[in-house]
Amino acid sequence: MYVVEHDTAPEVTQELAAFLERRREQIAHRWADAALFRAVFTVSRDEAVEGSKAVVDALAEVARAGRLEDIDAPGFDPVRDQLGRMALARTQAGYNPPQIAREVAGLRAPVTALLRAEFEDSADEIMHACLLELTVLMGTLRLVVMDTTINSGEELIARQRQQLMEVATPVIELWDGVVAVPLIGTLDSSRSQIVMESLLEAIVERRARYAILDITGVPTVDSLVAQHLMKTVAAARLMGAECIVSGIRPAIAQTIVHLGIDLGSILTRAGLSDALAYALAQQGIAVSTRPGAGAGPR
Amino acid sequence: MTDHSALHPEPVPVLALGDILLVTLRGDLYDGVAEQLQHDITHRIANSAVPVNGVVIDLSGVEIVDSFLGRILAEIAASASLLATRTVLAGMRPAVAITLVELGLTLPGLVTALDVDRALALLGSAFTTTRPEAGA
Numbered sequence: 000m001y002v003v004e005h006d007t008a009p010e011v012t013q014e015l016a017a018f019l020e021r022r023r024e025q026i027a028h029r030w031a032d033a034a035l036f037r038a039v040f041t042v043s044r045d046e047a048v049e050g051s052k053a054v055v056d057a058l059a060e061v062a063r064a065g066r067l068e069d070i071d072a073p074g075f076d077p078v079r080d081q082l083g084r085m086a087l088a089r090t091q092a093g094y095n096p097p098q099i100a101r102e103v104a105g106l107r108a109p110v111t112a113l114l115r116a117e118f119e120d121s122a123d124e125i126m127h128a129c130l131l132e133l134t135v136l137m138g139t140l141r142l143v144v145m146d147t148t149i150n151s152g153e154e155l156i157a158r159q160r161q162q163l164m165e166v167a168t169p170v171i172e173l174w175d176g177v178v179a180v181p182l183i184g185t186l187d188s189s190r191s192q193i194v195m196e197s198l199l200e201a202i203v204e205r206r207a208r209y210a211i212l213d214i215t216g217v218p219t220v221d222s223l224v225a226q227h228l229m230k231t232v233a234a235a236r237l238m239g240a241e242c243i244v245s246g247i248r249p250a251i252a253q254t255i256v257h258l259g260i261d262l263g264s265i266l267t268r269a270g271l272s273d274a275l276a277y278a279l280a281q282q283g284i285a286v287s288t289r290p291g292a293g294a295g296p297r
Numbered sequence: 000m001t002d003h004s005a006l007h008p009e010p011v012p013v014l015a016l017g018d019i020l021l022v023t024l025r026g027d028l029y030d031g032v033a034e035q036l037q038h039d040i041t042h043r044i045a046n047s048a049v050p051v052n053g054v055v056i057d058l059s060g061v062e063i064v065d066s067f068l069g070r071i072l073a074e075i076a077a078s079a080s081l082l083a084t085r086t087v088l089a090g091m092r093p094a095v096a097i098t099l100v101e102l103g104l105t106l107p108g109l110v111t112a113l114d115v116d117r118a119l120a121l122l123g124s125a126f127t128t129t130r131p132e133a134g135a
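From first to last, the protein sequence lines stand for chains A and B.
Take the first sequence: its letter number 14 is residue 13 in numbering that gives the first Met the number 0, and every next letter is one higher.
Take the second sequence: its letter number 45 is residue 44 in numbering that gives the first Met the number 0, and every next letter is one higher.
Errors might be hidden in some of the hints.
The calculated lysine to aspartate or glutamate pairs, modelled on EDC-like cross-linking and capped at a C-alpha distance of 20 Å, are [claimed, not checked]:
1. A/52 x A/76
2. A/230 x B/101
3. A/52 x A/32
4. A/52 x A/10
5. A/52 x A/80
6. A/230 x B/65
Please keep in mind that the hints were generated in silico from the structure rather than gathered at the bench.
Note that this is a predicted model, so its numbers are computed, not measured.
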């Protein structure tokens with residue numbers, strides 16, 4: 000018969016399963032005080048004990064099936080959701096995945112102590128074999144917890160990315176025929192594509208002659224960002240609108256010059272108000288202060 | 000009966016609107032038609048009884064654009080310019096503008112307008128509801 004080397008005798012695994020089932024209550028009571036369980040089962044300690052029992056049962060089930068190293072073992076299925084919530088609660092409490100992994104690892108010590116006490120009278124080999132199996136099993140539990148943590152993290156990131164895309168690109172009509180996009184955050188390819196599309200749509204919709212791209216909220220401008228800006232400006236021009244890039248901070252102006260980026264073909268202004276003033280002046284609109292109205296806008 | 004429209008496509012009409020020539024492009028522009036159009040426009044400019052003030056090319060019916068069309072537009076504008084006539088591209092759709100920019104065809108030197116009405120105003124035509132721009 001073909002036997003994998005690390006596979007210990009099936010009897011030992013069954014022994015471990017039997018041990019877990021026998022000591023279910025004791026293990027559950029010891030685990031219930033761990034922060035990992037308390038974070039989710041906040042109502043009462045009994046609830047935490049019940050939650051712990053479910054996990055012990057799952058471990059026993061996995062051991063019975065002899066799938067100690069299999070994170071996809073069906074035995075884990077009943078508690079996957081619960082483990083996910085536990086990991087999420089710890090994440091929300093500010094713990095990172097390695098810290099959570101350490102907490103899961105901490106669950107092993109009480110069980111090991113019980114196992115040692117139980118097998119005190121047995122031969123050393125049996126105890127050691129059982130301990131080894133238990134270690135493997137607890138390692139698998141840790142992987143299952145990590146797996147659920149990562150999955151929930153990925154879902155969160157995907158959702159937030161979507162929200163960011165929706166929120167980040169409003170097109171504002173500043174004046175009749177003048178639209179503006181205040182850009183905030185880093186401009187990457189997918190975002191600049193969305194900015195370009197929504198700006199062009201707005202130009203058609205509002206029948207705008209002037210489009211202002213305000214980059215006050217863009218932390219850094221490198222050659223790639225500059226290229227995105229130039230593309231957007233060129234596309235707006237093809238639509239018959241003049242594009243003005245505003246909000247160029249002194250530091251960014253210097254960076255652009257140092258990088259040797261030629262923005263000569265683009266109309267630029269220091270601030271959004273300067274850009275608006277330019278657009279109004281080009282349309283022959285003058286903004287004046289009423290005499291005696293006090294300190295008005297320039 | 001076979002369909003000859005693909006082999007002998009209709010030429011693109013060039014309309015005279017006062018001192019403006021108006022060309023409305025729709026969909027695909029075949030090689031022969033594009034050449035014919037270029038020929039028509041330049042001849043109309045050169046032989047017109049009234050001096051032609053400008054050419055307006057309406058692109059609002061064009062949904063797909065390629066580098067060929069980009070080149071044709073630039074050529075028409077360049078040849079019109081040699082005859083001292085301005086060319087204005089009008090009504091380009093957002094998707095078309097994005098495609099042209101992605102192709103690297105930013106059409107520098109070509110004057111653009113949001114629609115035909117704005118283009119006519121830009122050229123100082125009387126046939127427009129838009130008042131001319133003060134700064135223009």
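For each hint, the structure was consulted:
1. A/52 x A/76: Holds, because 14 Å separates the two Cα atoms, which is no more than 20 Å.
2. A/230 x B/101: With a Cα-Cα distance of about 8 Å, the restraint between residue 230 of chain A and residue 101 of chain B holds, given a limit of 20 Å.
3. A/52 x A/32: Roughly 13 Å separates the two Cα atoms, so the pair holds.
4. A/52 x A/10: Outside the cut-off at roughly 24 Å; violated.
5. A/52 x A/80: holds, 15 Å
6. A/230 x B/65: holds, 17 Å
The structure is inconsistent with hint 4 alone, although it conforms to all the rest.
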